[in-house]
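Colleague: Here the structure of chain U is known, so what remains is to put chain Z in place on it, guided by the hints.
Chains U and Z supply the protein sequences, listed in that same order.
Under our numbering, the first residue of the first sequence is numbered 2, with each subsequent residue one higher.
Under our numbering, the first residue of the second sequence is numbered 410, with each subsequent residue one higher.
Hints were generated in silico from the structure; no laboratory data involved.
Source: prediction; values computed, not measured.
It cannot be assumed that every hint is accurate.
Taking lysine to aspartate or glutamate and the EDC-like style, the derived pairs with C-alpha atoms no more than 20 Å apart in a straight line are [claimed, not checked]:
1. Z:LYS497 x Z:ASP481
2. U:LYS244 x U:GLU230
3. Z:LYS528 x Z:GLU607
4. Z:LYS489 x U:GLU50
5. Z:LYS489 x U:ASP169
6. Z:LYS489 x Z:GLU607
7. U:LYS376 x Z:GLU672
8. Z:LYS497 x Z:ASP661
9. U:LYS117 x Z:ASP661
10. U:LYS244 x U:ASP226
11. U:LYS206 x Z:GLU574
12. Z:LYS489 x U:ASP118
13. U:LYS376 x Z:GLU446
14. U:LYS117 x Z:GLU446
15. U:LYS376 x Z:ASP438
16. Z:LYS489 x U:GLU165
17. U:LYS68 x U:ASP118
18. U:LYS206 x Z:GLU672
19. U:LYS144 x U:ASP126
20. U:LYS434 x U:GLU394
21. U:LYS206 x Z:ASP661
22. U:LYS376 x U:ASP428
23. U:LYS68 x U:ASP466
24. Z:LYS489 x U:ASP46
25. U:LYS244 x U:ASP471
26. U:LYS206 x U:ASP367
27. U:LYS376 x U:GLU124
28. Z:LYS528 x Z:GLU620
29. Z:LYS497 x Z:GLU574
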Amino acid sequence: MRFIRLTCVLCFLLLSACQRPVADGAIHFAIAQAPISLDPRYATDAASERVNRLIYQRLVAFDAQSKPVPGMATWQRLSPIHYRFTLQAGLPPFHHGRPVTAVDVVATYQSLLALKDSPHAAEYDNIQRVRLINPLVLDFELKAADSDFPARLMMGILPQDLIEQHHDFAHQPVGSGGFAFYAWQQQLTLQRVSDQQLVTLVEVKDPTVRVLKLMRGEVDLLQGDLPPELVQYLQKQAHLLVKTTKGTNFSYLGLNLQDPLLSQLRVRQAIMHAIDRQAIIKQVMVDQTRLAEVILPPEHYAGHAGLTHASYRPAFSKQLLQSAGITLPLKLVYKTSTDAQRVRLATILQAQMAKAGIDLEIRSLDWGTFFAEIKQGNFQLYGLTWVGVRTPEIYRQVFGSEWMPPQGFNRGRYVDAALDALLGAQDWLAITKRIHAQLPYIPLWYEGQVAVMQKNMSGYAPHADGNWDDLAMIQRSATIAHDAD
Amino acid sequence: MVRRFFQLFTVIFGVLVLTFLLIHLVPGDPVEVMLGESASLADRAALRAQLGLNQPLLSQFGHYVNQLAHGDLGQSIQTKMPIVDLFKTRYPASIQLALLAMVIGLLIGVPLGIYAALKAGQWQDLVVTLISVRLAAMPVFWLGPILMLVFAVWLGWLPVSGMGEPAAIMLPALTLGLGLSAILTRMTRTSLLEVLNEDFIRTARAKGLSERTVVMRHALRAALLPIVTIVGLQMGSLLAGTVITETIFSWDGVGRLLVDSIEKRDYPVTQACVLAVALSYVLINFATDMVYRFVDPRMRLARD
Chain U
2 MRFIRLTCVL CFLLLSACQR PVADGAIHFA IAQAPISLDP RYATDAASER
52 VNRLIYQRLV AFDAQSKPVP GMATWQRLSP IHYRFTLQAG LPPFHHGRPV
102 TAVDVVATYQ SLLALKDSPH AAEYDNIQRV RLINPLVLDF ELKAADSDFP
152 ARLMMGILPQ DLIEQHHDFA HQPVGSGGFA FYAWQQQLTL QRVSDQQLVT
202 LVEVKDPTVR VLKLMRGEVD LLQGDLPPEL VQYLQKQAHL LVKTTKGTNF
252 SYLGLNLQDP LLSQLRVRQA IMHAIDRQAI IKQVMVDQTR LAEVILPPEH
302 YAGHAGLTHA SYRPAFSKQL LQSAGITLPL KLVYKTSTDA QRVRLATILQ
352 AQMAKAGIDL EIRSLDWGTF FAEIKQGNFQ LYGLTWVGVR TPEIYRQVFG
402 SEWMPPQGFN RGRYVDAALD ALLGAQDWLA ITKRIHAQLP YIPLWYEGQV
452 AVMQKNMSGY APHADGNWDD LAMIQRSATI AHDAD
Chain Z
410 MVRRFFQLFT VIFGVLVLTF LLIHLVPGDP VEVMLGESAS LADRAALRAQ
460 LGLNQPLLSQ FGHYVNQLAH GDLGQSIQTK MPIVDLFKTR YPASIQLALL
510 AMVIGLLIGV PLGIYAALKA GQWQDLVVTL ISVRLAAMPV FWLGPILMLV
560 FAVWLGWLPV SGMGEPAAIM LPALTLGLGL SAILTRMTRT SLLEVLNEDF
610 IRTARAKGLS ERTVVMRHAL RAALLPIVTI VGLQMGSLLA GTVITETIFS
660 WDGVGRLLVD SIEKRDYPVT QACVLAVALS YVLINFATDM VYRFVDPRMR
710 LARD
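Bound-form chain U, shown alone (with noise of 0.2 Å):
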């Protein structure tokens, strides 16, 4: 008897704990991975350069095809070695009320500069000095000519006042962008300044937890890091809306260069066409995913739209790898990380590459691991992805041979002399075509970006780069929207 009272009491407790998602005017938006540092000095991951777009406004702005087009401020070379900026008339103040002027450009740059640990002080290495000229107008002197210097300049700025207080941006941050913050505990709360809408942004790292809570209505919006079965299970959703759109973030094969058997070119080659790349995209990609064949989409300003696409041929690869003088199967160890979706793709490229006469051995490692590996050269082959890539310099710190790493990006230590000589001159066709022919990298795809969305939601459709900008624009309405495209 005892007993049973004890359970009627733990149901009651049970179910009078039981209740709808809280309406609390908000709009909730599920990410995968929270942001580690809202203070865009030292800020490096997806999510946390993606919320610092919204807090912070920068110096400079890109086009569609990619070009730096004036963001705050309006641009004159005065010399390979000397830019002039002018801040816009009427820019939006910052949060805590100072109007922002050029002293806290000058102040973020220089703060910058002096900085050890910031993992952004080598991108900014060639800049001399920064002067200011007037409240409007401020000046860099750069160490050596750098054509592409503007488009550098991304970081957000912070106001001055708040520098010199050691402010902690990295909680609390302090800009002059669309969102100001609100508060960060378990999720982040941000305030759009035009009309005080507050947006949350909720870390769940799992995506069908991502997919429930948003079928439950406990969020309104999830973008990217979904498996295609997913987004095909949501689009049958009568109350949520699907957006995808063409992306940018180049996946790709890595090489070890130094290997004996992938520094030779016919190797590659059979690698190469060995994947059926297109099966893929059509089977475990979601919609919009496009082949890819360089880190540059053909769209870019530095692009190239003419590059052939490498098609599957197991047999073709056979004989290349036999005309190399190599005995099949041919063994190879394929490093990635243990991200459900790495994973799946490994096993995929096992599959298909067994059909070309190649063993691929699969090792699957935490990323802290993996990356380490990765970047010490102890590898043969490994999966990953460039994201938010914008200029073509891309291809001399990936590509060049002075960038191999303890001090750059040129993982596979990669050395060729002529892509050297081109890179030097910036012929941008010319370099892409010597990559495409040569292949350090196996090019895959970019992936298609999606977005999903209860349907009142309207106002948001996801970006090339998947950045959260529409978050300036989302509304929420009392009726459902009907701007699916």
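Modeller: Chain Z only, in chain U's frame:
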């Protein structure tokens, strides 16, 4: 008691040494994570010196132990927050979840185990056995989403995940508690069956005591010892942080903190988490020993 404290100290010190060595031996270090690949060698060296990572391992370990001896767990390399502050929110969350999971496990597991033992060999025993084996075999990464689907999405009773509402603890606790209840059911059944065949139970029945009194007052108490052992061990692992459950349910406990810190090579946080986990285990074991003495008077006599 002195011997127990000496053992406790030895275990903790061993854990400290092992954790320190292991985390420094795996590839990758926090400087690489913080500065990225484009940083100059000089900047890397400067940051390494600033963090004390350029010192010999022995010196780093000495500094760490000295810091601990002064009650200072240090600060996170990545977030720059004091680790004590991180623990202030994370540890209570893990304790809450562990306690509720244990209560659920006990409330379901022990009565079902008793019932199965009393109906041993009958169809009810078979049903209970089937259920408990199924529950024990279900991985939490599968059971968790199924419970979410049923209780949150279909029935709408509970939140899917998160820590924003008091009711949010129910599903992760249920996920852990159901698995635990399966183990407890099996253990209670087996243990009770053994005791029910003992002479003193036959004597109790012969004295004319009711079956309820025989089972609840005589048999169950004698059968409790292995159950207490399991409860102690399980409580230790629950307090250690249940990484998968915490991740699935976005529950900010110690388990998630530990995994995040390992990924980011945040040495001080990893070390502090492992230390906390080890302490939890040792203290729970200590408490379990105390409970043994209470449950079984023979132990008290033996030690006295």
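Colleague: Could you work out which of the previously given hints the structure breaks and list their numbers from low to high?
Modeller: Hint check: 6, 9, 17, 22 fail, others pass.
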